[in-house]
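S.K.: Now for the letters of each chain:
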Amino acid sequence: MNTFMGYRRPGDRAGIRNWVGVLSVMDNVNPVTRAIVTAVQGTLAITTLFVRGQYGRDAEIAYRTLAGLGSNPNIASVLVVGLETTSTEMIADRIRSSGKAVEIIVVQDVGGTVEAVAQGTRKALALVQKATMLQREPLPLSYLTIGVECGGSDATSGICSNPTIGEVADRIVEAGGRVVISETAEFLGAEHVFAERAVSDSVRQQFLKCVTDLEQEALRRGVDIRGTNPVPDNIRGGLTTIEEKSLGAIAKAGSTPLVGVLDYAEAPTTAGMHFMETPAPAVESMTGLAGGGIQMILFATGQGNTIGSAIAPTIKITGNYKTAERLKDNIDMRVDPILTDGVSIAEMGKRLLELTISVASGQFTVSEALGQREIAISRFEPTI
Amino acid sequence: MSVRAVVLHANDNVATLMGDGKSGETCAYSGARQGEVNLRQDVPFGHKIALEGLAAGEDVRKYGQVVGRMTASAQAGEHVHVHNVESLRGRGDLVAKEGAK
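Chains A and B, in that order, are what the protein sequence lines are. Taking our numbering, the leading residue of the first sequence gets 461, the next gets one more, and so forth. Taking our numbering, the leading residue of the second sequence gets 4, the next gets one more, and so forth.
The following block holds chain B by itself, in its conformation from the complex:
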């Protein structure tokens, strides 16, 4: 039982699932990078998984570009989304915090 995922660019550290994936299932990814990884959680169609261990504060790369920053660490095969990634753009909240210091 395996679910497919695509990797868009050789520098990417995430893959995007092409079907709904179940925890423990093998995910076979292809495209700019190829390989297999075991899913650590249920991950829905269209969502991302880490291709390797990612540290908190590390850049998330997709399309060969930075798409966000990890707010917590994640192991290979783990779900990477709004619960452990933050955007770096339009962050008026960070500016407001700086101003308040």
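Chain A with its partners taken away, still in its complex shape:
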């Protein structure tokens, strides 16, 4: 199977969903955004906390990620909601450069939140009526950009669920698509193995610098990361050290060369497998991936991490037979037969690829259908 049913977008891109995004520029208008989303079916709230008063690298990351989330090809068009004109226009303009329709609501200008919700509802309604005229069409797998993620990992993650994801990653890259792995901390102890796959010295050095800088920062602050990563459920599941966790984690990137190193929420511009620098926790890293235009995420969990990305439908896989039973409501596919029934990783990878194509073509994942979705844009500095 080498096509999926997707929505064509400007700039020769494709979306696997067709939401109208209602996007808050800052946390101070989230209630307005949520009220509009409640009033109009077919909309998706794109909200985070903070942003007002951020500066330097944090401001750059916040604006890039907001613009990236609005520009994600799963979003047909966007209503940008802001408190004041300057920041609202700035974000709206950045999203407009993706070629999609963007409307705005400025709360101070329209005269308060009640009016903002009323006008926003009418604008979102018009956008949804237009967006729902679009149809899916057959598109090659080269139009897919897939994120690979793990959370709530345990010993089964590195042995079967991550390698199964790695099989799909390889197929997508072979078909001319893109794969992005993130979570910088989860390369500590495995970075030398991963770096060998870099296509050039420059890519190799850029990647290693990300991992070294992160470790240097921890050392500089006297932080012993053993208290933070692995987390308690990793340890309960048998992972003893970050090194062990990382060596299991890299399997989800498959076996193709590392072609690029991306900043948080930066979009990949070439085919192949990329690394994106993000914090390790799931919501933050998936927000970075979605901000970079990733359309869907393959997510391995050992102990049971249930959250998905708000914008990129997230497929949850587990290789832990206990989790597959206990958390069956939140698991899309179980791969524990690799360990218990001798099913090969290659065979499981084929089944996961079929599910990937089905989700790309419109099948809802459980986290999507159950509304288990969240957004958190990473920040690293204090606010003024």
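The reader is advised that the hints may include incorrect statements.
Claimed, not checked - To spell it out: a stretch of chain A is covered by chain B in this simulated footprint if at least three of its residues, at any positions, have a beta carbon under 8 Å from a beta carbon of chain B; those stretches are:
(1) 600-612
(2) 644-651
(3) 681-691
To be verified - Here are the simulated DSSO-like cross-link-like pairs (lysine-lysine), alpha carbons at most 30 Å apart as the crow flies:
(4) B:K25 <-> A:K782
(5) A:K788 <-> B:K25
(6) A:K810 <-> A:K782
(7) A:K788 <-> A:K810
Just so you know, the hints here were simulated from the structure itself, not pulled from any lab data. Please read all numbers here as calculations on a predicted model, not as lab measurements. Idealized CB from N, CA, C, for every residue including glycine.
Fit chain B to the known structure of chain A by using the hints.
M.R.: Then chain B, alone, in the frame of chain A:
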């Protein structure tokens, strides 16, 4: 009564349990290395056991790579985890100690 375990690489000195194991039970490991060992404690599913005697300070090897260092010795069949293994990465506490000397 035996529980299975897998060994991922020929250079590994630990195996990972594929079921919950009880103290005294035989553990049959397979994969890159094959054999049997008696469990010295209850060891949960997904946790590791030593394949041979490991000394304090010795590298723990899994996936053919170093994944940590023993902080105490362990016999073959003993549970190998956070109580007797330390990570070697992100150890800002060690740097802080050095600075204080």
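S.K.: Would the hint linking B:K25 and A:K782 be met if the CA-CA limit is 30 Å?
M.R.: Status holds; Cα separation ~18 Å.
S.K.: Count residues of the region 644-651 of chain A with a Cβ under 8 Å from any Cβ of chain B, then say if the count reaches three.
M.R.: holds (count 4)
S.K.: Test coverage of the region 600-612 of chain A by chain B using CB-CB distances below 8 Å; three residues minimum.
M.R.: violated (count 0)
S.K.: Against the 30 Å threshold, does the CA-CA distance of A:K810 and A:K782 hold or violate the hint?
M.R.: Holds, at about 23 Å.
S.K.: Examine the region 681-691 of chain A: at least three residues should have C-beta closer than 8 Å to a C-beta of chain B.
M.R.: With 7 residues in contact (Cβ-Cβ under 8 Å with chain B), the coverage given for the region 681-691 of chain A holds.
S.K.: Is the straight-line distance between the alpha-carbon of A:K788 and that of A:K810 30 Å or less?
M.R.: Status holds; Cα separation ~21 Å.
S.K.: Given the proposed pairing of A:K788 with B:K25, does the C-alpha separation stay at or below 30 Å?
M.R.: holds (27 Å)
Violated hint: 1 only; the structure is consistent with all others.
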